[in-house]
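Enquirer: If you want the building blocks of each chain, they are given just below.
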Amino acid sequence: MTTRLATGGRLLDRGRSVSFTFNGKRLSGVEGDTLASALLANGQMLMGRSFKYHRPRGVVASGAEEPNALMNLGSGGRFEPNQRATTQELFDGLEAASQNHWPSLEFDIGAVNSHVSRFLPAGFYYKTFMAPRPAWKHVFEPFIRQSAGLGRAPKERDADVYEHAYLHVDVLVVGGGVAGLTAARAGGLSGASVLLVEQTGHWGGRAPVDGAEIDGQGAEDWIASAVTELEAMPNVRLQTRTMGAGVYDHGYALVYERLTDHLSDKTGPRHRLWKIRARHIVTATGAIERPLSFAANDLPGVMLASAVRDYVVNYGVSPGDRTVVVTNNDDAYRTALALKEAGLEVPAILDARLEATGALPEAARAAGIRVLTGRGIAKVKGRRAVEGVAICAQAGEGAVLEEIKCDAVAMSGGWSPVVHLWSHCGGKLNWDDAGAFFRPDPSRAPTGADGTAFVTVAGTANGHLLTAEAIADAHEAGKAAAKAAGHTATRKAAPKATSEVEAPMAPVWMMPQGAGAALRQKMWLDYQNDVKVSDVQLAAREGFESVEHTKRYTTLGMATDQGKLSNINGLAILAGSLNAAIPQVGTTTFRPPYTPISMGAIAGEARGELFQPLRRTPLHDWHEANGAVWEPVGAWRRPYTYRKPGEATEDAVAREITATRASLGLLDASTLGKILVKGPDAGRFLDMLYTNMMSSLAIGKCRYGLMCSENGFLMDDGVVARLSDDAFLCHTTTGGADRIHAHMEEWLQTEWWDWKVYTANLTEQYAQIAVVGPNARKVLDKLGGMDVSKETLPFMAWADGALAGHAVRVFRISFSGELSFEVAVKANEGRALWDKLLDAGAEFGATPYGTEGLHVLRAEKGFIMIGDETDGTVIPQDLGLGWAISKKKDDYIGKRAQERSHMTDPARWKLVGLETVDGTVLPDGAYAVGDGVNENGQRVTQGRVTSTYYSPTLARGIAMGLVLDGPDRMGEVIDFASLDGTGTVVKTKIVDPVFFDKAGEKQNV
Amino acid sequence: MLILTCPCCGVAADETELAPGGEAHLKRFGPGSSEDAFEGYLFLRQNPRGVHFERWRHAYGCGKWFHAARSTTTMEVFGTYSAQVTEPPPEITAKIAAAGKPTA
Amino acid sequence: MKRYSAFAIAREALRNHTGWDRAWASPEPKKRYDVIIVGAGGHGLATAYYLGKNFGITNVAVLEKGWLGGGNTGRNTTIIRSNYLQDPSAAIYEKSRSLYETLSQDLNYNIMFSPRGVIMLAQTEHEVRGYKRTAHANALQGVKTEYITPKRVKELVPIIALDGPRYPVLGGLWQARGGTARHDAVAWGYARACSAMGMDIIQRCEVTGVTRDGGKVTGVTTTRGDIGCDKLGIVVAGHSGHLADMAGFRLPIESVALQALVSEPIKPCMDVVVMANTVHGYMSQSDKGEMVIGGGADGYNNYTQRGSFHHIEETVRALIETFPMISRLKMLRQWGGIVDMTGDRSPILSKTPVDGVFINCGWGTGGFKAIPGSGWAMAELMAKGTSPLADAFSLGRFREGRFIDESVAAGVAH
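Residue numbers (our numbering), protein chains in the order written: chain A, 107 to 1111; chain B, 236 to 339; chain C, 1277 to 1690.
It should be emphasised that the hints constitute simulated quantities derived from the structure, not laboratory data.
Treat the numbers as computed from the prediction; the structure is a model and nothing was measured.
The reader is advised that the hints may include incorrect statements.
Chain A stretches covered by chain C per the calculated footprint, using a threshold of three residues with CB under 8 Å from any CB of chain C [stated by the list, open to error]:
#1 604 to 618
#2 688 to 700
Examples of chain B residues toward chain C, derived with CB under 8 Å [said to hold, decoys possible]:
#3 Thr240
#4 Glu252
#5 Pro255
#6 Gly257
#7 His260
#8 Leu261
#9 Arg263
#10 Ser268
#11 Ser269
#12 Glu270
#13 Glu274
#14 Arg280
#15 Thr308
#16 Met310
#17 Glu322
Glycine included, every Cβ here is placed at the ideal spot set by N, Cα and C.
Work out the full structure, taking the sequences as your base and the hints as a guide.
Expert: Printed below as a string of structure tokens:
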């Protein structure tokens, strides 16, 4: 039984008790506890269920590497699944619940999987569940999904907020252990700006628990003085609860700060995601202890030796009354000594090595602990908790020599440097035989923009497991980083540390070495995903020889801990199975983040209203206040229509169209692109840009133009007005303004850079209002200030002037077929002019209309709309726009492309008008069917609808479409397929696309 | 996350300020050009595993186009230079050659 | 080949699974083959499989630089759908989807095809029209899709927020028989079946050159010696340009990084695949419980299998708008793959200027779903010199201006 010790716990404030709940039960812990230590203090070793077999699981580790103790945390808008109990600091009111079991943690039906586990080896699902075929979707998959998955899905909208922050530094040091502190100090003393981040709430890492003497001080005192020294440096910034999450190209690092996860008070941002640009990065990320692979090593009560030590020393928690230590190295003896010092029993230390004569083993013997060398664990006894261990010779096959009663096992298989951040951006690793781990190869470091290394690894992470070496290494790393960032390295000496000399470890990948199949089926490599030694061996036998194959076949290392405990052990088993050396089998790729980071933090502030910026026209507020039904068009919102109270959307559209045709409509056309093109070569440039001739346009006149991509396709259209000899104003579509401006700049800067042309995107500088309808001129006359008569301002002309006191530019152009003036005014006067137009137009029933009205009005006239009649595959020639393609020009953008065989193919579909025989509206996107099927069995088609509307003017459905040989088939009735699934067709007549006022008399008055 | 120095305004620009524009130094072929030449210009690309001469626009900065010589395998940047040239400047090709990288 | 079944597992369980054979053999390369396929990804292996199955051509080697299935086959978001707009695309993707339906049984390997349904959200009027058009096209192409209302979207995906402040959901294109499959298993299943037909899958064998005699291919040089062949299929997404260069021709291709990410596993909360193209994000939930998330490709040439983080940021942002509950999930892992983008973003299955050399590449961001269909068509093309499924995807189309552009229906090709 785990319990709180009467004394000890260096991180605890024993005077302050903290109340929390676990599975609904009210428990209390102490300020300074993690959730895991508080649960252990309450005797709760069972903390979760494994993924596949639903085995009962206790906590194994004390930090980020924990695979078992994952919790559902919080509730409502603050619910979060899969939070590691070992890194969750305890706070008053914390609510935790264990995961992946039904009906309860103690009794889980899913544990039946464990009893049939021999039928569920690695990859079993690839070999079965294949018949009957529908069963996978309807039976097997739902069952598998339900039993997988760990934590519950959040249901509510996140109640917290998140933010992003940015920092440029010379040196980023990741890891606040003694190596990180030393590296930051060396960097800081060298004059570099330094950011030092530590993922936990405490500085110093393992040193205070493991014990070391630095500069003549105990570890804890040295750490305190080092932090004080760093805090006094103006060029050094320190942050706890901040994790180096990922390293990316060119010195970009992601750093994840948790601000309120450890507090009862959740005010303010929960997480802050820092985007760091560092000239150099030092990773002092320490090492992670490896489990040992012996039978039943997953029973609750089997823990990493270092974690046992942490719980005793940091949290004053006893992992059990009697703890057997099993190891292949000297470090684990520290755990035995710590337990002994806390007054707990250590019945034996089982050392797989043949001898153990170093200072630490001798100290253990001196403390009266029985040390058995050449021994290992044949099997841990117990069903749901450790009850004892069966001891065997490590060299043998598992014959039991002795059984020892105990309620906890502390295991150590050696240490693996944390090389994740080094590897994220391409740093390579070497196998270190002595330590049996991968360590960074400094000659194959991640390189930056200048081709030189930008990451240095320091201390334990660099393979220096002894404190003295780690600190010396970190000091050099800090200096090197500062130097790489352009500073002169400090000449101050490195801190000097002493630590016990340790004897070499001996790699132990399986315990005992000759374990038979029965034992191997009980040796867990990956606790969370339930991958065992036998699974990896099976994978190897079946030919999954690459480590990536084995990982994917067995799911080794793919759990939420991403293999922090299992990777090396699994790799060694694979290498053993293949009779290959470990480095030949290779290692899997490390991907960011180091530990999981919240999606909320990744999104940052950009949520809800701030998700994406919204562009508003000067008239936006008026629209909003007058029933606008919004339509997103690019980043703009445009009114689709204005609904009166109680009015249906389609009725509103019809009302707007009818009013416009009959009398007067007003349109906010401010979103139309307005690009000024100016300079001596402006005409020449526009001749290249547009398919038609623009250089011949007279000053004061307007011309409709088409723009194609270099690939020949129609990309935009609009009216060009010649402002002066060397200046043109190009109107673009709403969505096209920025794109077309960029397109112009691209050609000017990268192809015709010697042409004297300047462009400016003036879109937002002007409000533009289309005044449309038979009474358009009357309302402008009423406002007064300029002559807009037919004689002075004929169709396709423009003029500067004044209207109702506003300086305006009036374009006599029409996208509706009506008498129409587009009035441009300075943006800040747009609303005033709009209001005056509404006032003056009241007697004509002035009716604002939206984009849908605009679309119907133009369709009634057979005008094309970019995005409807065009879709990126249509050329102007398809649309009967040959008249807008100059025959006189040698070249324009897209001309050469349009000469290719498919573009000149007479069988291309061409634009026509379409009228259903019964007057109904053709369905959007419908296709006209031809005869038979093609060689792939698809129905042959001969055309499609590009725009289709109900025309209130004509009181019938009208449409435009592209049809094979369409213009030559006027009057022919063809079949459009409907979607009702019965093969019904819509009989449709091919007609002229101009449905209304074919002679164009209305616009020309 | 690249950083490229815009040769027009001198800003060391984060990738989020930049818009990529594909292979640099393409020669435009217009009307009258052969099918081969036009297809090559519009579609065929070097796509090298190594140094790529490429176009970028400082889209959320000064708005100017420029060229960069960048390795597609290491992200090393051998230099940025004006968009108004038809081949990389000699100091950049020299730097690439010195690093032992092919430039074709 | 020993058949896989529940019975076989039970039998093996009684002898501690010691009786399982290698899933595929590991032979030394022979001196020559009738056909060499370069690239043992899904597409390459499927090509070999259908050469054997449909045309009886089994003297085939599949050469792989690294480990089979280690490229984009094992790096994608496993979405399978065929709701494409253009006829040639719909034909090959629907062929592929229909082959996926029975692939587990064909290969005797459970590739876990899960026809859970795919929704493409319409979030602008433009998308509404685009997807209605696609629904019309699909009906005539024999692809079962349907344009659905927001209410139906919500029924299918209860965790969706229909009324995002920026892009409300206006409808969706629903393909009920689209879904997902276990990506690695597809490569492994084909590899096992190819091996069983006597084909040689040779891993850790990098092609270093293509040998020719008067404009006709004669074989390849590799890190494991020279190997002769009559026909050579290049099926190496991400490295196509490199191989084409060896064979002496250029491609209309640029290679860029495409990134994806997964969350930690949670209990089932989303039964269908959802794609939101306006905001560039798509998401499904794997059988393990991870939310599998993808977005748009990076814009610059890249062979590092790493992308830029701001793309991940944009994707996650978009999906939080669409699925607010994921804000409190955590990103477990992000990764990148190298995708080949062609001039029209559609693939190339084609003869090449070198006689006997065929190429299959340019699947961009959409290759996984095409594996069986692509293999089927490529095998036919290599065996007969023509294939109705492949012919529209020839290299010549760029020169002719005969593009297969799927972006027109507001779709991105994932």
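Enquirer: Now, for every hint given, state plainly whether the structure supports it.
Expert: Verification of the hints:
1. 604 to 618: It is violated: at least three residues are needed, and the stretch 604 to 618 of chain A offers just 0 whose Cβ sits closer than 8 Å to chain C.
2. 688 to 700: holds (count 4)
3. Thr240: violated, 16 Å
4. Glu252: Where the cut-off is 8 Å and the nearest Cβ of chain C is about 11 Å from Glu252 of chain B, the hint is violated.
5. Pro255: holds, 4 Å
6. Gly257: holds, 7 Å
7. His260: violated, 14 Å
8. Leu261: violated, 12 Å
9. Arg263: violated, 16 Å
10. Ser268: violated, 12 Å
11. Ser269: At about 10 Å, which exceeds the 8 Å cut-off, the nearest Cβ of chain C leaves the hint on Ser269 of chain B violated.
12. Glu270: holds, 5 Å
13. Glu274: Glu274 of chain B check passes; min Cβ-Cβ to chain C is 4 Å, inside 8 Å.
14. Arg280: At about 5 Å, which falls below the 8 Å cut-off, the nearest Cβ of chain C leaves the hint on Arg280 of chain B intact, so it holds.
15. Thr308: holds, 5 Å
16. Met310: holds, 7 Å
17. Glu322: Cβ of Glu322 of chain B sits 19 Å from chain C, so the hint is violated.
The structure does not agree with the numbered hints 1, 3, 4, 7, 8, 9, 10, 11, 17 stated previously, though it agrees with the rest.
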